[in-house]
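Participant: Use these hints to put chain B onto chain A, whose structure you have.
Here is how the chains run, residue by residue.
Number of protein chains: 2
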Amino acid sequence: MAHPLRQHIEEIISLTDEEFDFVLSHFEQIKKRKHQYIVQEGEVVNKEYWIIKGCLKSYFIDANGKEHILQFGMENWWITDYESFVKQTESKTFIDCIEDSELLYISFENRDKLTAQMHKMERFWAKKSKMGRIALQNRILSLLKNSTKEQYDLLLEQYPKLFQRVPKKMIAAYLGVSRETLSRLNS
Amino acid sequence: MAHPLRQHIEEIISLTDEEFDFVLSHFEQIKKRKHQYIVQEGEVVNKEYWIIKGCLKSYFIDANGKEHILQFGMENWWITDYESFVKQTESKTFIDCIEDSELLYISFENRDKLTAQMHKMERFWAKKSKMGRIALQNRILSLLKNSTKEQYDLLLEQYPKLFQRVPKKMIAAYLGVSRETLSRLNS
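Top to bottom, those sequences are chains A and B. Read in order, the letters of the first sequence are residues 558 to 744 in this note's numbering. Read in order, the letters of the second sequence are residues 558 to 744 in this note's numbering.
This is chain A alone, in the form it adopts within the complex (with noise of 0.2 Å):
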């Protein structure tokens, strides 16, 4: 069976064996466990993860130290801080593990190095940050629109397999209310 990560890759481009054995060698893999952080506050990231196995959570504190849910993340999905990554700055987000979890990551310079020699990898990246770009955009319209329910049914649409598996607690702090108003809308 092919690896994972050549699945996910060539639902967008397809690879010969050489170039999925050049593109894996750019990537690390590394086991966490559930609380266990990836990426904290006011460091720069240097690394983009994709998942194996595992389920994770982006999220940033305010200045009333309420955790707001930014993205969750499962099996197949990339996650970092993409405005540390991409600029090399701080991050203003958290990302740790709500289930244990195994992980491949690039770092930003074998990316770069990845991306300038191979036109396909430079598709395939443009392609999931196109549509990192589209999830973002709904979620915006869906927080401006303002209904709760409507940003209930976009995170069970985005994430099917999720609610099985996070506490109702991160479903409410994705959605920024209190565990009594999700048990309204879940019921």
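Where hints are given, some of them may not hold.
The list cannot tell twin chains apart, which means a pair is met if one copy fits it or any two copies do.
In silico BS3-like cross-links for lysine-lysine, where the CA-CA straight-line distance does not exceed 25 Å [as the list claims (entries may be wrong)]:
1. LYS706 with LYS684
2. LYS604 with LYS649
3. LYS649 with LYS706
4. LYS702 with LYS670
No lab work stands behind these hints, which were simulated from the structure alone.
Facilitator: This is chain B only, laid out in the frame that chain A set:
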């Protein structure tokens, strides 16, 4: 003096004269008058626009008929409904001209052909897409933090010249506040 689009592209990648002519041959130029549309809700958008001159806004109308501004565009900005353009689905947004505008546009097919043939242009748009994603992520952070003052400051940072060019009611529609609240922020 170099073509403004060439100057813009060469902030990220460099092009020979022949390469730029080839790139430009994939674009068409149009003029639009104030109030004219380039994108309407419900249509499948086939063009991405680059603004030579003028000012535009992208927005959607909620169920109560209220206008929410998603993005402004001015000289050197790219604008379209990205979800509709990338996925070839129906647009959720409108885009119209706040001033008389001169635009270059590239069709979906030409953009796909150009990026497939020219790695450099794939790289250019990949970078632009990443920056667009970052701008949207910051807007979400700003919306979730829910401080209108911070949203106002972010808008001022992203579009420093905007405040002299667009009516105050549009700034208010971007921030989702009344004209009165805006006046207090502004003072």
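Participant: Evaluate each hint against the coordinates.
Facilitator: Verification of the supplied hints:
1. Neither within a single protomer nor between protomers do LYS706 and LYS684 lie at most 25 Å apart by alpha-carbon distance, with minima of 29 Å and 34 Å respectively.
2. Taking identical chains as interchangeable, the C-alpha atoms of LYS604 and LYS649 lie at most 25 Å apart only when both belong to the same chain, with a minimum of 15 Å there against 34 Å between chains.
3. In this assembly of identical chains, the alpha carbons of LYS649 and LYS706 lie at most 25 Å apart only when taken from different copies (18 Å versus 28 Å within one copy).
4. In this assembly of identical chains, LYS702 and LYS670 lie within 25 Å of each other by CA distance neither inside one copy nor across copies; the values are 41 Å within and 36 Å between.
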